[in-house]
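Undergrad: When you get a sec, could you build the whole thing from the sequences and use the hints?
Chain by chain, the residues:
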Amino acid sequence: MNAAGIGVDAGSTVVKACAVTAAGSRIWQHVELTEPRLEEQARRIAALAREQAGAAPLVATGYGRKLVAGAERAITEITCHARGVFAELGSGGTVVDIGGQDSKVISVGADGSVRNFAMNDKCAAGTGRFLEVTAARLRLAVEEIGAMALAAAEEVPISSTCAVFAESEIVSLIARGAALEAIVRGLHRSLVARLASLVRSLGIVEPVALSGGVARNPAIAAFLAEALGCEVKLPEAPQLMGAYGAALLALD
Amino acid sequence: MSIEGALRYYLGTGIGKGVLRFERLRNEWRLRHRAPKTSSPFSPPLSTSPWLKELISRHYLTGRYADAHRKVAWVTSGAPVEFLKALGYYLLYPENHGAVCGIRRRGEELCQAAEEAGYSRDICSYARTDLGSLLSGRTPVGRLPKPDLLLCCTNICQTVLFWYRVLAAHFRVPLVIIDTPFIYSTAPAHAVDFVQRQLELGVETAERVAGRSIDPAELERVTRRSREAVELWMRVLERARHVPAPITAFDEFIHMGPIVEMRGDRATVDYYRALLATLDLRIARGTGALKQERIRLIWDNLPIWYRMRGLSELLARHGATLVASTYTNAWGELAALIDPSDPMRSAARVYLHPILNRGTGHKLDTIQRLATDYAAHGVILHSDRSCKPYSVGQMDQRERLSARGIPALLLEADHNDPRAFADEQAENRIQAFLEMIPS
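Protein sequences, first through last, are from chains A and B. For the first sequence, the positions run 1 to 252 when this note's numbering is used. For the second sequence, the positions run 1001 to 1439 when this note's numbering is used.
By construction, these hints were calculated from the structure, which means they are not laboratory data. You may find that some hints are simply not true.
Dumping the calculated DMTMM-like pairs for lysine to aspartate or glutamate here, alpha-carbon to alpha-carbon at most 20 Å [to be verified]:
1. B:K1388 to B:E1399
2. B:K1053 to B:E1028
3. B:K1291 to B:E1313
4. B:K1291 to B:D1280
5. A:K66 to A:D111
6. A:K66 to B:D1423
7. B:K1017 to B:D1280
8. A:K233 to A:E206
9. A:K66 to B:E1313
10. B:K1037 to B:E1293
11. A:K66 to B:E1427
12. B:K1053 to B:E1023
13. B:K1388 to B:D1122
14. A:K66 to B:E1424
15. A:K66 to B:E1028
FRET-style restraints, in silico, Cβ to Cβ [stated by the list, open to error]:
16. A:A55 to B:G1405: 33 to 43 Å
17. B:R1400 to A:V171: 49 to 59 Å
18. B:F1171 to A:P36: 48 to 58 Å
Think of the CB as a built atom: it goes at the ideal place given N, C-alpha and C, for glycine as much as any other residue.
TA: Dropping the structure here:
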């Protein structure tokens, strides 16, 4: 393969990698869970990318971006997600990136550049971690809770956006005999409420698009559209947008 | 005041001053002869740095022995101190001492000492550092002198009111409170009258404690030196309008020590005059504080004392630096209001007008003016968990600055408590912000 740019997104939960041609189309991709020895893992993935897609300039992003050996540049996920989603959807607007440990709302200009951004505070509220923690408490797989929330006929309100407080709230709801499905639906609503306020703090500029691994959860897009009162677009591979954007930036 | 006390004071400070002078000369020699680091993004330190170190160390050295021989007052950072200086008081600023603890990375342990005594973590970290130091007896400056008088002015926040009441109960000494009504633009005459009357009462108390009357000629002299120092400080700051900036706000945070702690002293005027000359030399040579200056930023709020170096290096890696701050500007912008011929009236007016005693609209205008005057590309708004009066309104200020074409970043931290600061997240935000600024 003839890659012209490679992007490695060393995230807190998952490492994503992607290679693009000079024209910017994705020709190779790779996803695996983040290992404790991230430096070694990043080196292996970069070598894999070059072996399978061809030698090309590499841009690293994600929290582990400084650990990716051989990267020409290390760029923040904010700039990379903006660039990736812009290329995918072909317009500016608002990108909501929900990652494993943090969430970002990015206002993207008509030229694909970052105009402004807001991030969650120093806590897990509004992030993938919130769903992981609460799903674990309910002994459910994080992959199945989205569909379960959408199918639920009832909903119990969860007032906590904090993962730790939500966990104790769940305990008391279970003790009161609330239905599992109703709790799961309430949890999604709580996470989305936190995200929606982050979006509003920046100002809604349509189209609104989701990116990041959590965007694969179908309830998030549906509830966010409801909360914001506008359509929420979903790229084909939301989890890859950071690595894709990094690969595109490697072309510059 | 005993003969023994006087002997201890003059002997202790005399020997100490000799040692500090020797250190300064040695540091100056090193600065002149040391080969500059080629890999560093910064120009060599300002040649007056050893002098500054001597000045501040001497202030704390004097403090160590002060209560053996002189009257001592503890004061808030925005307090009208000229009348105390004229009465010969040694002045200690717990907030500045807090900053020294922060820079020396002692803030956390001292905050914890206060928390162990029951003070909430929601209280300002300067107050917690100070109270923690008081209760544990630990300080990086050796020893703090006990106060004979406390002077608290509410023009910076309301926390000081409660903080100083705690100090008054602890030391059992008189507390003078100068209550400054909040103003939106300029102070009405009745507000100035109100503050002036309190100042006059404060002078009476200070005279009683000092055991002597104030000499009007001395008060005028001190006020004149205050004005001179404040004017020079403003000129120092304005030199950073030059591109590349010969001094950064990081340098200014350190260099502001004398203007806060030694306002009204001859030595402060002399120091800033020398600093100004050094900056002019840098400008003439085209030397910037940063070797490659690409992005110029304005800082709002107190510095993050325990991460100054880290932040300065992080910005420098991206060719960015801070060229001005609302915080350092606050000690210079009121120079024109100081009138040595009418010290009490002018003090009442000056100490009513600090940025924190005025509306948030005034702060927004100040930031915007600084951005224009200093040719800045963006603004970092430090949302300081400990300083609510400084941080309130920053969300709106960020939006309004962005709407006016000035990108602004809200950075969550705390000026003295590192537990409220997340390195990785802060770095991520700052880097993303710098990537956003077109260059």
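Undergrad: None of the hints should be skipped; say for each whether it holds.
TA: Now for the hints, and whether the structure bears them out:
no. : hint                          : result
1   : B:K1388 to B:E1399            : holds, 19 Å
2   : B:K1053 to B:E1028            : holds, 11 Å
3   : B:K1291 to B:E1313            : holds, 12 Å
4   : B:K1291 to B:D1280            : holds, 17 Å
5   : A:K66 to A:D111               : violated, 27 Å
6   : A:K66 to B:D1423              : holds, 14 Å
7   : B:K1017 to B:D1280            : violated, 29 Å
8   : A:K233 to A:E206              : holds, 10 Å
9   : A:K66 to B:E1313              : holds, 16 Å
10  : B:K1037 to B:E1293            : holds, 17 Å
11  : A:K66 to B:E1427              : holds, 12 Å
12  : B:K1053 to B:E1023            : holds, 9 Å
13  : B:K1388 to B:D1122            : holds, 10 Å
14  : A:K66 to B:E1424              : holds, 11 Å
15  : A:K66 to B:E1028              : violated, 38 Å
16  : A:A55 to B:G1405: 33 to 43 Å  : holds, 42 Å
17  : B:R1400 to A:V171: 49 to 59 Å : violated, 44 Å
18  : B:F1171 to A:P36: 48 to 58 Å  : holds, 53 Å
In the structure shown, a violation is registered for the earlier hints numbered 5, 7, 15 and 17, in ascending order.
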